[in-house]
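Undergrad: Those protein sequence lines, which keep their order, are chains X and V.
Quick note on numbering that gives the first Met the number 0: the first sequence kicks off at 0 and runs consecutively.
Quick note on numbering that gives the first Met the number 0: the second sequence kicks off at 0 and runs consecutively.
Only true hints are included.
Listed next, with one range per pair, are the computed distances between beta-carbon atoms: (1) Leu73(X) x Glu297(V): 54 to 62 Å; (2) Arg483(X) x Ile18(V): 28 to 36 Å; (3) Ile463(X) x Arg4(V): 19 to 27 Å; (4) Arg79(V) x Leu449(X): 16 to 24 Å; (5) Leu189(X) x Tyr289(V): 41 to 49 Å.
Hints are computed from structural coordinates only; laboratory data are not their basis.
Note that this is a predicted model, so its numbers are computed, not measured.
For glycine and all other residues, C-beta sits at the position ideal for the given N, C-alpha and C.
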Amino acid sequence: MENRIGVYICHCGTNIAGKVDVEKVREYASHLKNVVIARTYMFMCSEPGQEMIIKDIKEYGLNRIVVAACTETLHGHTFREAAKKGGLNPYLVQMVSIREFDSWVTENKEEATEKAKSLIRAGVYRVNYHRPVETTTYPVNSNVLIVGAGIAGITAALVLADAGKHVYLVERQGFIGGNMAKFDKTFPTLDCASCILTPKMSAVKNNPNITLYTYSDVEKIDGFVGNFDVTINRRPRYVREDLCIGCLSCIENCVYKEPKFISEFDEGIGKRKPVYVSFPQAIPLVPVIDPETCIQFRTGKCVQTCLKGCPTKAIDFSMKEEKVNVKVGAIIAATGFKVFDASRDSKYGYGKLPNVFTTIQMERMLNSAGPTGGEIRLQDGSVPKEVAIINCVGSRNENFNAYCSRVCCMIGLKHAHMIKDRIGADVTIFYTDIRANGKGYEEFYRKIMLEGVNFVRGEVASIIPSENNRLTIIFEDTLLSRVRKKEVDMVILNVGLEPHDDWEDVRKVLNLTCTKEGWLMEKHPKLAPVTSLSDGRFIAGAAQFPKDIPDTVAQAEAAAAEAMSLVDRGVVESEPNVISIDENKCSGCKMCISVCPFNAITYNEEKNIAEVNIGLCKGCGACNAVCPSGAISQNNYTDDELFAEIMGVLRE
Amino acid sequence: MINSREILESFEGRMREFIDGENFKKCIQCGICGGSCPFGFYTDFTPRKIITATRAEIVNEVIESNAPWLCTSCNLCTSRCPSKIPITDALIPVLRELAMNYSHPPDELGQALTNIHRMGNSFGESNKKRTKWSEGIGFPVKVLKKGEHVEYLFIVDDFGSFDLRGQEITKAIAKLFRILGIDFGILGEKEKSIGDHVRLAGEFGLFEEIAKSNINELKNYSFEKIITMDPHAFNSLKNEYPKFNFSKDVIHYTQLIDERLNDIKKILHPLNYTVTYHDPCYLGRKNGIYDAPRRIIESIPGIKFVEMYRNRENSFCCGGGGGGIWYDSYIKKYVKVRPAEERVLEASKTGANVLLVTCPIDAIMFEDAIKVTGLEGKLKVMDISELLLESIGKGV
Chain X
0 MENRIGVYIC HCGTNIAGKV DVEKVREYAS HLKNVVIART YMFMCSEPGQ
50 EMIIKDIKEY GLNRIVVAAC TETLHGHTFR EAAKKGGLNP YLVQMVSIRE
100 FDSWVTENKE EATEKAKSLI RAGVYRVNYH RPVETTTYPV NSNVLIVGAG
150 IAGITAALVL ADAGKHVYLV ERQGFIGGNM AKFDKTFPTL DCASCILTPK
200 MSAVKNNPNI TLYTYSDVEK IDGFVGNFDV TINRRPRYVR EDLCIGCLSC
250 IENCVYKEPK FISEFDEGIG KRKPVYVSFP QAIPLVPVID PETCIQFRTG
300 KCVQTCLKGC PTKAIDFSMK EEKVNVKVGA IIAATGFKVF DASRDSKYGY
350 GKLPNVFTTI QMERMLNSAG PTGGEIRLQD GSVPKEVAII NCVGSRNENF
400 NAYCSRVCCM IGLKHAHMIK DRIGADVTIF YTDIRANGKG YEEFYRKIML
450 EGVNFVRGEV ASIIPSENNR LTIIFEDTLL SRVRKKEVDM VILNVGLEPH
500 DDWEDVRKVL NLTCTKEGWL MEKHPKLAPV TSLSDGRFIA GAAQFPKDIP
550 DTVAQAEAAA AEAMSLVDRG VVESEPNVIS IDENKCSGCK MCISVCPFNA
600 ITYNEEKNIA EVNIGLCKGC GACNAVCPSG AISQNNYTDD ELFAEIMGVL
650 RE
Chain V
0 MINSREILES FEGRMREFID GENFKKCIQC GICGGSCPFG FYTDFTPRKI
50 ITATRAEIVN EVIESNAPWL CTSCNLCTSR CPSKIPITDA LIPVLRELAM
100 NYSHPPDELG QALTNIHRMG NSFGESNKKR TKWSEGIGFP VKVLKKGEHV
150 EYLFIVDDFG SFDLRGQEIT KAIAKLFRIL GIDFGILGEK EKSIGDHVRL
200 AGEFGLFEEI AKSNINELKN YSFEKIITMD PHAFNSLKNE YPKFNFSKDV
250 IHYTQLIDER LNDIKKILHP LNYTVTYHDP CYLGRKNGIY DAPRRIIESI
300 PGIKFVEMYR NRENSFCCGG GGGGIWYDSY IKKYVKVRPA EERVLEASKT
350 GANVLLVTCP IDAIMFEDAI KVTGLEGKLK VMDISELLLE SIGKGV
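Generate the whole structure from the sequences, applying the supplied hints.
TA: In structure tokens:
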């Protein structure tokens, strides 16, 4: 059957027609070989534009369509659907980008018109070789894996579990709750963090649809959207969850009578024993034994008073790593953040000056379940009379992190309020700009100002120890254009947020992309903010970018909805651009196997050839490009199609 | 050497005594105040920077600078402040009070305040001359006595009583009242300064004394409402005196004329003027009376009314308020173009040949500015009452 091609050139308002002489291009395209009809239209993606194509398919007996407009990503689907309505196989459509690749990036109108001609010529040449492609559907596993059990992971897990989906919630720490569990109060309402978090934590524990793996890491994810095989590595906590009743007598009976070791959960300002829980309402309420500090592990000669005191003999020094395999249809990454290490910016003296703290340490200090029982104390135990809060530590600074960490201004305001409220100290906030852009935030800022917190616009240049353990702060008051000094007892560094140190490893395991800083990448910053670039994988919370609790929870709920939309649908359409391997041409070199990111190709030793599981193939084309013998062919990317396209671009 | 801590504490203490006074702590340092200020180009500390100075504990520098005195109390900053800081009514007067205690206020200001304290008026004249404006008016103006009753007690205040230009306006207003058959009386030598400028100059003690004494005096007379010609007196009687238990209705004369517009329209005759209208700060921005004067103007046949670009709530000050009229030579030391000069040039640009006002201080300030800017013969300043009289007079 002869090819009958229709070419449709979009004005896209003035986006294309403002640069490209669309009529000239149409006239040119109408004379290309096999082109039966060429038209232009103001907005080809509009209903009348699509109708035009559908009508032409029938009237002119078209069997190939070229749409010269925006991009395949943006409107490829629209025009394939139109072709389908006209009775054509949707893959007999070729999109040609004369907007992104031409009118938007070409200054000269004549050049833009010529470029449009050559791009359309390439599209027309190529479409001649298009073949119909049929796709199938695959069933989707309805379970969901959630990585990270901070407020984002917890929220998403509860939404999905309440909808009847089974959730595997994996947390690398011994206890869930993430950073929020460390906080005392939350801005701007000042409700207590644990009062609103612990009910959700209990709900996680009690929900039969949630399987919680703490002290565990996701080690490997195989499979593809709808059918993931997940390997979880459960590290030994040396207290058996199936036996422990949470009486905590092991902690009481530990040979260390007093907590002696730096508590990670208390951000270095509190101490713990080798056997510990993070805080009294910890979930699961099963202690963790740290082998680095436990005498039994270090010397093998401990009297094991913990075990002796344990009523259920849940302590098991012989516990080993354990692998768990689960099958899920969707994955949500909610891996969170860490705070900026303030010692990296040495001018603040963090780590050297005893009364310089960070905001996260302040959270622990303010928390009534924290190391000071909620008392604000200097290192010598006295109460500070004057306190400085320094904003933007590690943020908005191209020497560290160029971005604004978004939550620090509000944290600073909250701390200022709590310090004034609890000990009546004078508080000064040093800021560059106050960013209070959430619901009720600006009002909170005004309230804190009215409470008499002093605001100085200007970043702190140095903090110098002075007499009586006081600290002299030197800064330029930029609103007064004067360099000033101020003496305080305590400095709180309002540290920014950063991705975890091992973000690169986490990214690889979860097969996600990241920004250069290490924040998880969304598919579209506005229109697909919780969808990742990998099918079936969603993102939520501060792992994507610094955000406060309201935004984190909203995003977690959105990610749960996206995951639910996938697993509830029950099926996924197979990838159209899959490859096939010609047995006769394959030499068994295995190069394709090494480049396949989806483990879709296996080696058949008997036949000495590579074989593809098209259920796993995502159509990335990596194997197609490396295959030295031309044995691999990919739907919609055959050599014929590609060479025809290249010829089209090159031919005058 | 002034103790900066002590000054700051007095400042904060005094601010706390005002309604919303503590709002200065909520300053977001946006600078709308300084940008809006008629003296913003010339002051050492804009209101924003004054607040920065409180945070840096250098209020002593502020009170030793020109900043407390370069304020016309026009209320433009206050009306625009996003944190609702009472700059005009509290911040500046408090600084002035501190400056009077710890620093050197302008000499002329001291003289005016002394006059008010001793003589009952800022002009230092005998209070017996309060009725001078009524001489030769052609009808008897009732000086209210105990036991007598009038509907309206006409409070003239100092500028309408003692200033020659002010007297002309007072006379015109009294004539209008008579034409409209309004039952009014004055207090004559018993009237004393109402004192709004005293308050804004930071002499809170003297203001309180004046207000209480005036309220006591007013108890001797029988009347329904107070009618004023000076927006500053209007403001004080309406908004400040009630703080000392005073509860009489107070109106500005333009409000009464506006109410009686249908009566007055019948006797108006065409005038061939292009006029523009200056909203006095204390009638417009401070008390929201924008439409009554405009309705009066538009009722006069033949008149072409053009607005200045800055009008109503964005009106620009004449520079005479808040005591500014008393220490013009101090202001001249720092200010290159005085607000009144800028304003008459703006009025002239509209093509108007008459600049209408409803405040005696405006008339005084603008007529002086017209001389300085060479607009004499091109632009004439008239009170609305004078324009009305001229229109009525055309038919006589």
